[in-house]
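Using the sequences and the hints given, assemble the complete structure.
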Amino acid sequence: SQTIHQWPATLVQPVGSPLSLECTVEGTSNPNLYWYRQAAGRGLQLLFYSVGIGQISSEVPQNLSASRPQDRQFILSSKKLLLSDSGFYLCAWSRESGNQPQHFGDGTRLSIL
Amino acid sequence: AQKVTQAQTEISVVEKEDVTLDCVYETRDTTYYLFWYKQPPSGELVFLIRRNSFDEQNEISGRYSWNFQKSTSSFNFTITASQVVDSAVYFCALSHGSGNTGKLIFGQGTTLQVKP
Chain V
1 SQTIHQWPAT
11 LVQPVGSPLS
21 LECTVEGTSN
31 PNLYWYRQAA
41 GRGLQLLFYS
51 VGIGQISSEV
61 PQNLSASRPQ
71 DRQFILSSKK
81 LLLSDSGFYL
91 CAWSRESGNQ
101 PQHFGDGTRL
111 SIL
Chain L
114 AQKVTQAQTE
124 ISVVEKEDVT
134 LDCVYETRDT
144 TYYLFWYKQP
154 PSGELVFLIR
164 RNSFDEQNEI
174 SGRYSWNFQK
184 STSSFNFTIT
194 ASQVVDSAVY
204 FCALSHGSGN
214 TGKLIFGQGT
224 TLQVKP
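Protein sequences appear in the order of chains V and L.
Quick note, the first sequence lines up with residues 1 to 113 if you use our numbering.
Quick note, the second sequence lines up with residues 114 to 229 if you use our numbering.
Simulated from the structure, these hints should not be mistaken for lab results.
Idealized CB from N, CA, C, for every residue including glycine.
Do not take every clue at face value.
[To be verified] Which residues of chain V face chain L? A few of them, derived with a C-beta cut under 10 Å, are:
id, residue
1, GLY41
2, ARG42
3, GLN45
4, LEU46
5, LEU90
6, GLU96
7, GLN100
8, HIS103
9, GLY107
10, ARG109
This is the structure in structure tokens:
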């Protein structure tokens, strides 16, 4: 069966510090991968998605970036965090063919001080 | 443009009541897919159902049922005999029918509180 791991679960970072959130998927190959952000009490905003190694599409301009160094690894990064980067970050995967359900990790609660 | 609207921000019911969560979507695609997800207080999103635009049959899974009506662009979700464990945020989502990106457009979510 497929599993998705996302860490850390919670993170408190000062403004201006770097960020690295990691997500890995097991039990499947060539998955589509996604990063979402959920602000408190709001819906999900798609940040990045990837259909293959090294292929990253950005949905919104921001100071975040994503990378996919391996088939089942997806990393969300920032060089300098802003207060507005606070939120709940969710990684998800789906089978490579379109319109398959996305399956989500447990999320990372990021607080910027 | 594609859009998903969940007009009900919060719903509160007493245990054993039936409750319907509304979802209205907008799309110009002739082929598309609709989804419902549940987000319990722990935070992870749990996939509940996927429906394609060519299948308007209603679906029932235990206490859950879904009513898809293309004529009104709605995909409503009903929980029968609600339980406290149903308390969560529920999201409706829409995806494109073509390509393999699998991108989803989510509604803003409906927070359901089931009181004992």
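Could you work out which earlier hints the structure fails to respect and list their numbers in ascending sequence?
-> Per hint list: zero violations.
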